[in-house]
Amino acid sequence: MEALLAITIGVLVATSVYLMLARNVLRFIFGLVLISNAANLIIFVSGRLTAGAPPLIPEGADGPVGDVANALPQALVLTAIVIGFGLFAFALVLMFRAYTTLGTLYSDDMRIAEPRTEDTT
Amino acid sequence: MIDLAAAVLVFLGAAMTVVAGIGVLRLPDVFTRMHAATKVGTLGSGLIMAGAALHFADPAIVLRCVLVVFFLLLTAPIGAHMVGRASLRLGITPWSPQQDTDPQKNE
Amino acid sequence: MNDTATATQPKGNGLVGLIPVGIALLLFGWFLSLAPAVAEGQSLRLVWDWVPSLGIAMSFLLDGLSLTFALLISGIGALVLLYSNTYLAGHPQFARFALFLTSFMLAMLGLVLADNLIGLFVFWELTTITSYLLIGFGHDTAKGRRSALQALFVTGAGALALLAGFILLGFSMGSFELSEILAQADALKAHEMYLPILILILAGTFTKSAQFPFHFWLPNAMAAPTPVSAFLHSATMVKAGVYLMARMHPGMAGTDVWFWTLTIAGAFTAVFASILALRQTDLKQALAYTTLMALGTLTLFLGQTSGYAMTAFATFLVVHSLYKASLFLVVGCIDHSTGTREADVLGGLGRVMPVTAFAAGLAALSMAGFPPFLGFIGKELKYAGILAIGSEPFLFAAALLLANALMFAIAGIVALRPFWQRTGIALPRKPHEAPWTMLAGPVILAILGALFGVYPDLLQTSLVDPTVKSLLGSIEDSKELKLWAGVNMPLIMSIATVALGITLYLAHKRLRPALGRLVDASPQFDKGWDKFLLGLKRFAAWQTRIIQPGILRRYIFATFATVLVAIGGTMIARQAMPTLPDLSDVTFQNIALVVLISAGAILTALTSSRIAAMAALGVVGIGVAMIFIVFSAPDVAITQLLVETLVVVLVAVALLRLPVLDENGRDHRPLDAILAGAIGLSVTLVLLAVLETPLDLRLTEYFEVTSWPEAFGRNIVNVILVDFRALDTFGEIAVVVIAALSAYALLRTTHPRKDP
Amino acid sequence: MNTLVANIFFAVAWMILFNTFTWLSVLSGLAVGYFVLMLIQPLAGVKSTYFKRVWYWIRLLVMFNYELIVSSIEVLWDIFTPKHRSNPAIVDMPLDVKTDAGILLVTNLISLTPGTLSIDVSEDRKTLKLHIMFADDPEAVCRSLKQGMERWVIDAVEDRE
Amino acid sequence: MTWTLATPLVLPFLTAVLAFLARYGAAGRWFSVAGNAVLLAASILLMVRVLDQGVIAAQMGGWSAPFGITLVADYLSAVMVVITAITALAVSVYALTDIDARKERLGYHALFNILIGGVVGAFLTGDLFNLYVWFEVMLISSFGLLILGGNKDQIDGGIKYVTLNLISTILFLSGIGLLYGMTGTLNMADIARTLDTVENQGLVTVVAMMFMVAFGVKAAVFPLFFWLPAAYHTPAFSVSAVFAGLLTKVGVYALIRMFTLVFDGDVAFTHQILLWVAGLTMVTGVLGAAAQNDMRKILSFHIVSQIGYMIMGLALLTPLAVAGAVFYLVHHIVVKANLFLIAGVAERTAGSTNLDRIGGLYKSAPLLAILFFIPAFSLAGFPPLSGFWAKYVLVAAAIEDQGWIIAAVALLVGLLTIFSMTKIWAEAFWKPHPEGADPALSQLTPQARRHLLIPIAGLAAMTLVIGFSPDPFVTFAKDAAAQLLDPTAYITTVLGGKA
Amino acid sequence: MTLMDTVLTLGFALVFIGVGLALIRLAIGPTLPDRVVALDQMTVSIVAFCGLAAIRSQDAAFLDVALVLALVGFLATVALARFAERAVGRRKAQEEEENT
Amino acid sequence: MNSIILRVGTQYLCGLLVLFSLYMLIRGHNEPGGGFIGGLIGSTGFVLFALACGTADARNALKVMPQNIAMAGLGIALLAGIFAAFFGDALFTGQWLFINETADSKGIPISTVLFFDIGVYLVVFGSILSIVFAMEEEI
Ligand code: NA
Ligand code: NA
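Residue numbers (this note's numbering), protein chains in the order written: chain A, 1 to 121; chain B, 1001 to 1107; chain C, 2001 to 2756; chain D, 3001 to 3161; chain E, 4001 to 4499; chain F, 5001 to 5100; chain G, 6001 to 6139.
Some hints here could point you the wrong way.
Said to hold, decoys possible - Lysine to aspartate or glutamate pairs mimicking EDC-like chemistry, simulated, CA-CA at most 16 Å apart:
id	chain 1	residue 1	chain 2	residue 2
1	C	2537	E	4400
2	E	4152	A	109
3	E	4423	C	2140
4	D	3146	D	3158
5	G	6106	C	2140
6	E	4363	C	2710
7	D	3052	D	3155
8	G	6106	A	59
9	G	6106	A	109
10	E	4423	C	2530
11	E	4152	A	62
12	E	4423	E	4356
Just so you know, the hints here were simulated from the structure itself, not pulled from any lab data.
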């Protein structure tokens, strides 16, 4: 399954790169969400997969019973998901604000910080 | 015996889920599809939860299953109501047997 | 420009003006007191371990060469500072001027005294900076700023080469101490790095000394106030290059490269500059070009190793400094007094400015090389020196003769005509004699020129011989300075010089157009500078337009292309490919999950409906959550689903005010698709390769064993979050807080509204 | 409401007495508590509709589940048959239920019953817009809903003295 | 010991919380100043300890390495923390005047101090994932600071900044995942130790390249620097000062750390690429600056150019070269932050940072002229200012290593740097003001003058101190380089003697 | 292989098919509410999926996932529906403005 | 938003969500849950509130500015970490106190780790709400 997931991650990355390269920055946001998922899955799958055994310690035991899933990547992914959400929220608000102040979502038309006529010679 | 009952419930639930999927895909307009999603879907999940409750037969777990169903019953109709209302305001007219085409694409 | 605009308010500058003079005088006195010891062949060394970690010391060495320079610098410095006190009296920026000029003098002293390559370089650059500030004293005009930049840029460029040369030299010889390096002259000359070192050092010295083809900045530097020109561009800064060549002479001279480079460059500069000088009508400009001529001559001599040449070098060095500084100051007096420096306008000043005329006359005679002035001795030695050249002596002698004749003519133009010719043209101001503070300099310097001419021994023992000793290691080959050495070749050449000089003087007005044509036909370095700057700016702008076009998509494309090269390229270059993956354990459930996620992702990428894209994102989120469920990560699954929900909520809110995705036409980008596909493939391959390596689970095992007994938690994931790796979590919640604050600020910042 | 708390309190006490926490003990505790409360009602002087209400609730739940299952089959039939047999329509139904909880319960339960879906309640809370899948006779559907589901809900949640 | 390391990390967050909760009054900004003063004290204490004991490490939460998160300070980390604290203090004083009450109410001080916290965390952590977290802390607070004010150019620049940095972030995170998948550990010392045993060393290089790109974006190297010139000229001056000084340097720090400690197995490949990157970064950056006509844009492109020098030191990987990189880092932070602060004063007095629209500062604001002259000519590499030594050490290292081309490039770029610095000098200071009277500092209130000029003067004084007395700094940089090039002590200390 | 195992395998397959069908509806739309309904249907299916996962792994932890989703999942539906409704309101308002 | 059904549903759901989120927070150390999940769930309660009844009502109900909640949460989490200093332990070393400790059970735990998790909860809760509210108020 790890291998299959690796392929899925490839698909996620490819689609998100395609989205991020689009003219409309809203697509960048969509790509961002996808690629964050891809990155999280990379971490998750790097810790290898175990089906049906969450890393919980049952009552009365001192440690998990049997082979349980790798807890560390789970914690990392959880962290990364929340960070990713923060970044996403900010990016979305930024694009939103861009539209309301610059009047466009097309990045080609966003030329305030680096104006087109800038030719100092 | 309990195992058998649980298995039957689980099977029925899963079947309901797939029926709901079919309904969402096949039914002619958004209102009828909502019928399938809201009710049949909820029913499917509810049956599986019932199966799980029977299977585990532990009070704490049963409570959780009951809560799942309770939450679903509480929230699913509200969601459906919102979608239905929005559809109406979008001007989507309900399908009727007289017309056989999908309403116009919106958005 | 007229830098004496403030002459109407002849306020003194008080202490601010006098302290620098005092400093200079003290230093001059101190060096003078050391002169006897040096003349006896001692050299004084002072070491301060400045940056021992880099082998760089502030070591100073006082030998004949550096003493000669030090005396010229501090002595002329004192006079120039005194002079400028009046010249710039009451100028609002006088304090800065005095500070810069004093700093310059001190830096120059440091330069000639330093015995450590890097120490020398530090002073070298300090002279560059201070001269930049001095040349840019007239910063109100574009011309003044241009000149300052030009000087800085050209000498700065040379300095960088010099630095490289010094570093290379230091590493090659195992020391940055000049005296140690020069002591191993043979090793240096035989070193494989000799040639690069030589080229780099000469690049520094040629630019500093304005040797052809770097000469063009010097005349422009005349934008500086006249005292600055007198000091920097006669006696000191431009001579820094000459000094350095002289300093390196014992270690590097004697090779063919050294000889030819210096000889040709020096000779060419000398002639070329003299011709240019004759063209000028601005007295200061004319003097500036003669300075170039002198520098060329000095360079020419340093190309040699004969005693004549060295003696000639040492003598001419002093001669030139004395008369040139004097003449510059005279021109300053004229300018100060009349408001103009135009040779064709000036005339008849001899009666109103007798003292100035006297100083000018003495200096000009020295410059023209009349006996009994030191200039004459200098010239004789020059001819003797040039005739001692090993190859093509007559060619170079002819060149020198021409240059000297031109100089003769210019001496007349600068020092005779303004005072004695009649023009009848009204001057901008009614001329008057300059105050004593301004006359002291030119007069003293001019008199010294005559004094040394009459008593050449004085100069010989105190400065020339010690200098020659620094250059050749001994004074055995030093030639005697005398006014009369019998009828010899140099004397004949002197006579020829005078004859030619008089001719040129009389004909110079008629010659000017011809010279002008000649000069116009030759490469225009000064205009070339503008072209260079323009070209540089254009190139920079072009490059920047290409690299930084301001279009986000290109940035992202370049970034991803780099990513592809970095990952894919390295995979191929370093042969990191995975073997074929094992897909035997795949179940229907797995495939269904993968299809679900991929379908969602592809739908997101390809749909032109915002809502479809958003819903498809939701599908991916759900699919990923299902992976977390299947592979035993309930906490992560819950988080994923919650976050996914909030993502949809936020987007749904935001979309209310955003337009549809494609307002004009569909979004179809094959090139992007290729790049995206390639990156996706690379990521998959890397991941597959990583998954082939066995995973070490000791961290996880530790967490499993300690989670309950030591951290009292049964949910290992949560224990990692709040205990084992609490610091991560802390940072993460900081991220969340800040993301919220930032988003909030962004929303509130443009539409100010009351905070609820 | 106080009575419900009391009932739960009795159930908890029951479990503590038996020192168990099982499915059975919870149910039996609630049941026992209910009966005890009913017994002590005159004693405590509680004039409460609680006892009746419990029965109404049970009726509501039972009837709802019955409706759910029966009409599900109708929908299923429509999904599986190639031709859509349904004849959907949107209908306005007058609403008698007044309280917030009542409205929520009625609309939710109607939605959960296959074949009917609450779309919206008017601002004045007087009408409910419904989507009915088999609306050959919309009036009849409304009538049965009013007499069935709405009645049961009003009985269960609203104080109608 | 553990709190010596933890305190500099904790303080900025504490400051942020207090400053935020007090954001409606004057207390907020003074919390910020005081907090950063204490931070400076704490970081000096840290430095003293490090100088005394070499590498020091502390295990957070009491969980021993590699299981918990280790904070670790070697010479490089310690000096970066100190310089961060200095910059932070300077900027927080400057901000007393530069930041208006509206920005304060929106949480400027919290954003700023958490940014500092992130920077300190990045310098002190010995754990790769933790480094990622601090990078995120920095990144997101920089987002907030960048757009605070909400001008059109800020939004536009912000979009470029945010998008490109997010790509880097994702790449970083993925790289961590992959590295974990190969080594099973997150502790950098532990990774360094175990990475040598990985069978597929080519794969290690691939992952190394991923990190190079990820940190390359953060460090703004060619061809990944686009976001920097697009954004750095847009925010408040105190913000661009701290960005210019600190942010890209964290990327450089991470590159140095990773490519000396962890990815030192394929130097012939990775560091050769770094060398190319260094050269191209220097040249493209300096040319970009030459094409600009705005003070802050010029300075922004110069950041890029000078990052090239630091990368050059890393790429050459000789003791002298790495020492040069370390020295350059320290020098550059002080100088660059200061130049941006000065640009702010120039704008306040002359009305703009566009060189066409300003002038006359030399005549009427001589103090500002001096204060600009020192860092500007230091940046241009004139002796005896700090920039000269930085450049000297690097060029010397290149020549020693026979890297003729890179040495030549470094020198040439130095020349072009002079060109831009004098351009600012000539246009903003020498040239008369194009319209109306020459600007003077007396236009500012005495209080504003104090707030704005004291930090500038302090930083300029540091430039002078480093310039005139470089020996302790060079010695330190050499020691730091020795530690970096032989990470044994680092690894042993982190892992508690289990190297 | 017990009966339950068989049922579970079958159940997973059925749930996936259900989700897949909803996915198709989501892709083809055609109206916004259609897509919302499809997404809603998928969310509810995940609750079922969690139940199956819990039984298969004998671990009630997955029921917690279901619990959270059952409670929170409809929020997305509500937000999207509200979006649709408001978007219409906006468009109408805009048109009115243009007409006057 | 003038949907009666949603408004009424929200009355119940909001409280339910907050209650449930606290439950997830408290038990998070031993079962799925914790500060993040709790905070996320808790915030959805008020997000729903804002969607149904408008942000003004939601803010009134919350009483404190969400940013302040978030920042206070950060402060609590930090203090929970610094607390270890009083016992000479490293930053973020968990400090535990067990009430009613007996031979076979540790009793009811009170720990800095719990406070840390509460901080996390507040941060997530406050942050999400400040973004969502501000965004809502833009349209
Ligand atoms: Na290593
Ligand atoms: Na290694």
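Decide if the proposed pair is consistent with the structure: residue 6106 of chain G and residue 2140 of chain C, CA atoms, cutoff 16 Å inclusive. Measuring from Cα to Cα gives roughly 83 Å; hence the hint is violated.
Could you grab the alpha-carbon distance between residue 3146 of chain D and residue 3158 of chain D and see if it respects the 16 Å cut-off? Within the cut-off at roughly 15 Å; holds.
Pairwise hint evaluation, residue 2140 of chain C against residue 4423 of chain E, where the allowed Cα distance is 16 Å at most: Satisfied, since the Cα-Cα distance of roughly 14 Å is no more than 16 Å.
Is residue 6106 of chain G close enough to residue 59 of chain A, meaning Cα to Cα at most 16 Å? Measuring from Cα to Cα gives roughly 13 Å; hence the hint holds.
Compare the distance between the alpha carbons of residue 6106 of chain G and residue 109 of chain A with 16 Å, and conclude whether the hinted pair is satisfied. violated, 64 Å
Measure nothing beyond the straight line between the CA atoms of residue 4363 of chain E and residue 2710 of chain C; if it is 16 Å or shorter, mark the hint as holding. violated, 70 Å
Has the given pair, residue 4423 of chain E with residue 4356 of chain E, been kept, meaning a C-alpha gap of at most 16 Å? Roughly 11 Å between the alpha carbons, so the hint for residue 4423 of chain E and residue 4356 of chain E holds.
Hint check: residue 4152 of chain E vs residue 62 of chain A, CA-CA at most 16 Å. Holds or violated? Violated: residue 4152 of chain E and residue 62 of chain A sit about 59 Å apart, past 16 Å.
Given pair status - residue 2530 of chain C, residue 4423 of chain E, alpha carbons within 16 Å: Answer holds: residue 4423 of chain E to residue 2530 of chain C is near 15 Å, not above 16 Å.
For the pair supplied as a hint, residue 2537 of chain C and residue 4400 of chain E, confirm whether the alpha-carbon distance does not exceed 16 Å. violated, 33 Å
Are residue 3052 of chain D and residue 3155 of chain D close enough, with their CA atoms no more than 16 Å apart? Given that 16 Å is the threshold and the Cα spacing comes to 9 Å, the pair holds.
Restraint status (C-alpha distance of residue 4152 of chain E to residue 109 of chain A at most 16 Å): At roughly 13 Å apart (the allowed maximum being 16 Å), residue 109 of chain A and residue 4152 of chain E satisfy the hint.
Taken one by one, the earlier hints fail for this structure at numbers 1, 5, 6, 9 and 11, listed in ascending order.
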